[in-house]
Amino acid sequence: MTKITRTLCTAGLLATTALIAFNGTPVFAAPAAAAENSGTIEEIIVTSRKRAEKLQEVPESMTVFSAVQIERANVYNVRDFASQTPNLLVRETFRSNESFMTMRGLSSAQGALPPVAIIIDGVQMSSNDFLNQDLIDIERIEVLKGPQGALFGQGAIAGALNIVTRQPTNDLEGSIKGSYGNANSYRINANVSGPIVQDMLFFRLSGQYRDSDGLIKNSRGQRISFGDQKLGRAQLQYRNEALKVNLRGSWSDGTDSCCIQDKVPRITGLAPGVVRYSNLDDVTHPGATSNIIGSEDTRFRDASLKIDYDFGFATLTSITGWADVRQNVYGDSDYTNLPVTVGGVTYPLGTGQDVRYYTNIRNTELRLTSNGDGPLQWLFGGFYQKKRTTQFVRVGPLLGDHMILPLSANLDLFTHGEAWAVFGQGSYHFTDELDLSVSLRYDHDKQDSENRLGINTFAQAKFKKLQPKVQLSYQWTPDIMTYATYSTGFRAGGFQQNFKFDNEETKNYEVGFKSAFADNRVTVNGSFFHIKYTNQFLSFVVFNPTGPALSRTINIPSSDIDGMELEVNAHPTDKLTLTMGVGFVDSIIREVKPDAVLIGTELAVGNKSPLVPPFTFNAAATYKQPVSDGMDLVLYAAYQRRGGFFFDMTNTIRTGTKDFVDGKLSLEAEQWSVALWGKNLTNTRWATNMSITGADLRVPNQPRSYGVEASYKF
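Numbering (mature numbering (1 follows the signal peptide of the UniProt record, and there is no 0)), first residue to last: -29 to -1, 1 to 685.
Please note that a few of the clues may not be correct.
Listed next, the in silico DSS-like pairs over lysine-lysine satisfying Cα-Cα at most 27 Å (straight line) [what the hints assert, rightly or not]:
#1 595 <-> 635
#2 357 <-> 471
#3 21 <-> 201
#4 435 <-> 357
#5 503 <-> 435
Hint data in this document are derived by calculation from the structure and do not stem from the laboratory.
Go ahead and model the full structure; you've got the sequences and the hints to work with.
Printed below as a string of structure tokens:
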């Protein structure tokens, strides 16, 4: 452990001892919604461990956002709540509909599952493509940190995102909200819910339309970060005393900007192979200079059927899901406004790219979960999934709008995956204070990859892993709980343009505490973790102006991660709610494998792991002032500070420490509200993604946005 980690752990243990002396009331491990008419923090029920549990009784590090918090913070996507979650970073990429995530030092990679399981209403969405879907009509978001592979499988090596949408209701209700902001950005969403047959059959419809001219301009003053999307969701639910059936379907169609990158000037005169930039985060200079404005058309469809039957002693749950994503990307590929000469012919528009991604996922899960409150709680089940992906690429000289040579593809990759798993969990309450939980899952994943151009190139790989998890928790008082966890994590390897990369694995050790005091007006929780990381994924792109870019994912053989998280929630008065979170991660490369493309990797031992912020700090305050009977003025303000990190193993390409501020001022009545809102109010700019192979290409973040909104409920 590093010196800073040892210091933080010591401080955390002292804080735990001090909190035990307070003898307060139960903990909430996340920014909980304050009860609107009381001075305490309301009890939250979570379902991220496949059963309903009180948040304060779950021996996990969790951050939870309620419907009220989601509304007041204007949460519309994963990036919006990541800024208020310790040790979670979500980065924009050159594609509008793809984001990369880092949680506790574990990051996304091209051609691989995200480092967290994404669960929407119980259905696992196993692809990075689902991270950027707009969130509408959401009841709760649960961010579960630490490996969850024992229940959710190989995609949960860093944690899990459990997103719960609002369910159909037995009473007729609905709402509509409209928002207008700078860059001619507007958003309208609405929902309606009610009974079809009273007390038996219910429906819920949700929809959204958004459009924006774009906040980012290129070097010629053209707006290039535009976007529009139509999104809808329908639910039909039947329930009686023993049976509950929920059928859900959603769709979205949109056209967003793409390929917003610019070439960054290098510092000259350095040693061969050393690449540095004088001001990487000055993303407005020189700015994008492409010959054409890129776009990305996205079509998303999904459906699920969830059936629960209560046998009395246990509940049988069946979940079947289907999802289909189609994305067509068109844009510049040389990222300049200069002509390009290929084969002695000069093309004044340079080169362009036409890329198409298709993903189709089908999965099913069957599990049996014990009921009752006896000393033994258990569940066991099975999981099966089929996944197909296609990547079609054309890169070459531009002849005009959507006219690229060659007319045939440069690359046509098809990947087929088939996975199955069995899992189980048992918890035993030895005493009122002592609990032991043991979970186990076996995953088997088979992948076939085929390049369908010319002479077919076929590759096949199998990945399998047993993932155990053991947790011991002790309730020292009704107010203080501590826990210790050992678990393993696993993320299957795969193919990136026929380059195979091995599966990555982790061994995780964690201790934590949960507490509350001052009559449940203040809650504090913390955790400390150590991770042994094997075969860490690292993705990069080798650019070729006249041919297809070469995407590769390689393995870093060995790394060590030490870290901690601390979250505090306070409700000092009936009007004021405060939340605070801090996270530290120290990730060190212990072993490397030299790579022919990444120059200098053999010297990376002892360096910081790429894409890992060393710290995050977040704080938010909500002040609610009554102005008349049934009407309140509500001020919400949020702040985040995120440490700078490296993009490369050699630790030469670095983005700096950044500060971000969001805010909202609203006038709220029982049925309506009006508000002023702003995001990134300090207009902090930084490079969210950077080429590490000498192409000098960076991706900018979104600048300041602000606007007005109004809503009505019935």
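Hints versus structure:
Simply put, residue 595 and residue 635 have alpha-carbon atoms about 12 Å apart, close enough for the 27 Å limit, and the pair holds. For the suggested pair residue 357 and residue 471, the alpha carbons sit about 20 Å apart, so the restraint of at most 27 Å is met. Straight-line distance between C-alpha atoms of residue 21 and residue 201 comes to about 31 Å, which puts the hinted pair past the 27 Å bound. For the given pair, residue 435 sits about 16 Å from residue 357 by alpha-carbon distance, which is consistent with the 27 Å threshold.
Simply put, residue 503 and residue 435 have alpha-carbon atoms about 19 Å apart, close enough for the 27 Å limit, and the pair holds.
The earlier numbered hint that this structure contradicts is number 3, and it is the only one.
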